[in-house]
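Using the sequences and the accompanying hints, generate a full structural model.
So the sequences go chain by chain: A and B. Take 186 as the starting number for the first sequence in the working numbering and just add one per residue. Take 28 as the starting number for the second sequence in the working numbering and just add one per residue.
FYI, nobody ran anything at the bench for these hints, they're computed from the structure. Check each hint, because a few of them may be wrong.
If we take Cβ atoms under 10 Å as the criterion, some of the chain A residues that face chain B in the derived model are [as the list claims (entries may be wrong)]:
(1) 188
(2) 195
(3) 200
(4) 206
(5) 209
(6) 212
(7) 213
(8) 215
(9) 231
(10) 232
(11) 239
(12) 251
(13) 253
(14) 254
Distance windows between CB atoms, simulated [unchecked claim]:
(15) 132(B) to 217(A): 40 to 50 Å
(16) 189(A) to 33(B): 33 to 43 Å
(17) 83(B) to 249(A): 35 to 45 Å
(18) 188(A) to 192(B): 16 to 26 Å
(19) 33(B) to 208(A): 43 to 53 Å
(20) 179(B) to 229(A): 21 to 31 Å
In silico lysine-lysine, DSSO-like type, Cα no more than 30 Å apart, as pairs [said to hold, decoys possible]:
(21) 251(A) to 104(B)
(22) 167(B) to 130(B)
(23) 189(B) to 80(B)
(24) 167(B) to 189(B)
(25) 251(A) to 106(B)
(26) 130(B) to 192(A)
(27) 189(B) to 147(B)
(28) 192(A) to 80(B)
(29) 51(B) to 130(B)
(30) 192(A) to 151(B)
(31) 106(B) to 257(A)
(32) 251(A) to 80(B)
(33) 80(B) to 139(B)
(34) 257(A) to 189(B)
(35) 251(A) to 189(B)
(36) 106(B) to 192(A)
(37) 106(B) to 216(A)
(38) 51(B) to 139(B)
(39) 51(B) to 251(A)
(40) 80(B) to 147(B)
Every residue, glycine too, gets a C-beta built ideally from N, C-alpha and C.
Residue-level listing of the chains:
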Amino acid sequence: MFMCPDKSILSAWFDGEVDGLWGDRISEHLKSCHSCSAFVHQMQDQQNLLHSLPEPDFTDSLDRVKFMIREKRTVSRTTRFWERRIPVPVAAAAAIVAATFSLSINVLAGNRNDGLNAGLASAGGNYASVINLPGDKVDEFFRMMEVSMSDEFSSNSIMELPSDVSLSFNGDSQLVKSVGYKGSASP
Amino acid sequence: MSIELDAEEDFDDIYHQFFPVLVKIVYRITGSISVSEDLCQEAFIRYYERRDKLPGGDQAKFWLIRVVKNLAYNHEKRKGRERLAYDKFYHEPRKDLTNEGEKAILEEESKKAVQEALMKIPYKLRMVLILKEYGEMDYKDIAASLKISEGNVKVRVFRARKLLSEYLEKGDVYVP
Ligand SMILES: [Zn+2]
Chain A
186 MFMCPDKSIL SAWFDGEVDG LWGDRISEHL KSCHSCSAFV HQMQDQQNLL
236 HSLPEPDFTD SLDRVKFMIR EKRTVSRTTR FWERRIPVPV AAAAAIVAAT
286 FSLSINVLAG NRNDGLNAGL ASAGGNYASV INLPGDKVDE FFRMMEVSMS
336 DEFSSNSIME LPSDVSLSFN GDSQLVKSVG YKGSASP
Chain B
28 MSIELDAEED FDDIYHQFFP VLVKIVYRIT GSISVSEDLC QEAFIRYYER
78 RDKLPGGDQA KFWLIRVVKN LAYNHEKRKG RERLAYDKFY HEPRKDLTNE
128 GEKAILEEES KKAVQEALMK IPYKLRMVLI LKEYGEMDYK DIAASLKISE
178 GNVKVRVFRA RKLLSEYLEK GDVYVP
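Okay, here's the thing in structure tokens:
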């Protein structure tokens with residue numbers, strides 16, 4: 186005679202996880218054992234209850250996730266792009282250019298050995314070129330920056346943004362935080 | 028460019044395949060629509076960022092489950108104190124049913140109570156039961172995604188069920 190199986194085994198059987206001979210014997214046992222079949226019914230009730238709970242609607246989530254991914258990608262591309270060449274405060278500024286402002290970039294030529302800060306402090310100096318870029322052309326801006334990454338536009342280069350640039354339109358607090366720069370000499 | 032577009036499409040596939048079930052799982056763990064959406068979005072963003080190195084198919088699902096498991100756990104630790112407030116709910120006296128309106132309210136409250144009871148189950152056990160009941164997974168999949176043995180899954184599912192029954196009984200949940 187087959188004795189009552191442990192309840193944890195009945196629970197596994199209920200989940201369809203006991204097959205073969207064992208599974209058959211349990212099925213057989215349940216036909217004649219009130220206590221075990223009551224336990225299985227109880228599990229069934231619980232499962233029905235769990236599955237009766239209302240499901241929220243998440244259909245709009247994909248757009249939101251994609252939006253966040255796009256945002257994040259823009260920021261990280263920008264940051265990585267800049268960090269390699271130019272000290273951090275100016276870094277995220279590249280994204281700011283994206284918007285509404287007309288920007289001039291002053292490329293400082295010559296063999297300066299000082300860092301960016303010193304460069305900014307004496308930014309009245311020796312410009313090789315001044316490029317004006319319509320503020321709404323981000324891609325062009327990036328392309329241009331890539332080209333200019335060579336030679337003279339190296340670690341000694343300086344970008345100047347208009348002092349009234351508004352950083353908040355991006356709506357990205359991280360970006361604003363990492364910039365903290367309003368075009369003045371002290372970052 | 029087209030490689031990027033392909034990757035974009037692959038990501039969409041993974042998303043459509045797994046987001047609905049993932050968010051269902053996390054919703055049952057956390058009991059909050061907005062939290063579950065946030066955590067799942069975070070998980071998918073992480074997946075997106077590492078998608079070159081990550082597997083696809085079921086392995087992607089398992090990876091995502093591990094990520095949301097940890098995110099939800101951290102969230103719960105932060106929110107631990109608030110959760111205790113729910114306990115009061117169980118011991119409020121129930122009124123007698125007099126009309127349909129009250130019956131509806133009672134039903135509504137009962138559904139909340141079931142969710143609260145679920146959330147009282149210790150995290151490790153709850154996670155496994157929820158994967159079983161809402162994750163469309165068998166013991167083998169659950170074991171693979173949580174990196175535990177199938178025997179362990181069996182024990183945890185059973186314990187979680189037992190605790191849930193106890194909590195529901197204590198809470199005097201109205202079952203229509
Ligand atoms: Zn029996």
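Status of the hints after comparison with the structure:
1. 188: violated (18 Å)
2. 195: Cβ of residue 195(A) sits 9 Å from chain B, so the hint holds.
3. 200: holds (7 Å)
4. 206: violated (18 Å)
5. 209: Violated - the Cβ of residue 209(A) stays beyond 10 Å from chain B, reaching only about 19 Å at its closest.
6. 212: Hint on residue 212(A): violated, closest Cβ of chain B at ~18 Å, above 10 Å.
7. 213: violated (21 Å)
8. 215: violated (17 Å)
9. 231: Check passed: Cβ of residue 231(A) comes within 6 Å of chain B, closer than 10 Å.
10. 232: The hint holds - residue 232(A) has a Cβ within 10 Å of chain B, the shortest such distance being about 7 Å.
11. 239: With Cβ-Cβ at 7 Å, under 10 Å, it holds.
12. 251: With Cβ-Cβ at 8 Å, under 10 Å, it holds.
13. 253: holds (6 Å)
14. 254: Check passed: Cβ of residue 254(A) comes within 5 Å of chain B, closer than 10 Å.
15. 132(B) to 217(A): 40 to 50 Å: Because 43 Å falls inside the window, the suggested range holds.
16. 189(A) to 33(B): 33 to 43 Å: This hint is violated: roughly 57 Å between Cβ atoms.
17. 83(B) to 249(A): 35 to 45 Å: With a Cβ separation near 23 Å, residue 83(B) and residue 249(A) fall outside 35 to 45 Å, so the hint is violated.
18. 188(A) to 192(B): 16 to 26 Å: holds (23 Å)
19. 33(B) to 208(A): 43 to 53 Å: holds (45 Å)
20. 179(B) to 229(A): 21 to 31 Å: holds (24 Å)
21. 251(A) to 104(B): Roughly 28 Å between the alpha carbons, so the hint for residue 251(A) and residue 104(B) holds.
22. 167(B) to 130(B): Not satisfied, since the Cα-Cα distance of roughly 41 Å exceeds 30 Å.
23. 189(B) to 80(B): Since the Cα atoms of residue 189(B) and residue 80(B) sit roughly 40 Å apart, the hinted pair is violated (cutoff 30 Å).
24. 167(B) to 189(B): Roughly 21 Å separates the two Cα atoms, so the pair holds.
25. 251(A) to 106(B): holds (28 Å)
26. 130(B) to 192(A): Violated, at about 34 Å.
27. 189(B) to 147(B): The given pair, whose Cα atoms are some 12 Å apart, holds under the 30 Å limit.
28. 192(A) to 80(B): violated (42 Å)
29. 51(B) to 130(B): holds (27 Å)
30. 192(A) to 151(B): Distance of about 20 Å is within 30 Å: holds.
31. 106(B) to 257(A): Satisfied, since the Cα-Cα distance of roughly 27 Å is no more than 30 Å.
32. 251(A) to 80(B): Cα-Cα ~20 Å, so holds.
33. 80(B) to 139(B): violated (40 Å)
34. 257(A) to 189(B): violated (44 Å)
35. 251(A) to 189(B): violated (40 Å)
36. 106(B) to 192(A): violated (34 Å)
37. 106(B) to 216(A): Given that 30 Å is the threshold and the Cα spacing comes to 46 Å, the pair is violated.
38. 51(B) to 139(B): holds (16 Å)
39. 51(B) to 251(A): holds (19 Å)
40. 80(B) to 147(B): violated (36 Å)
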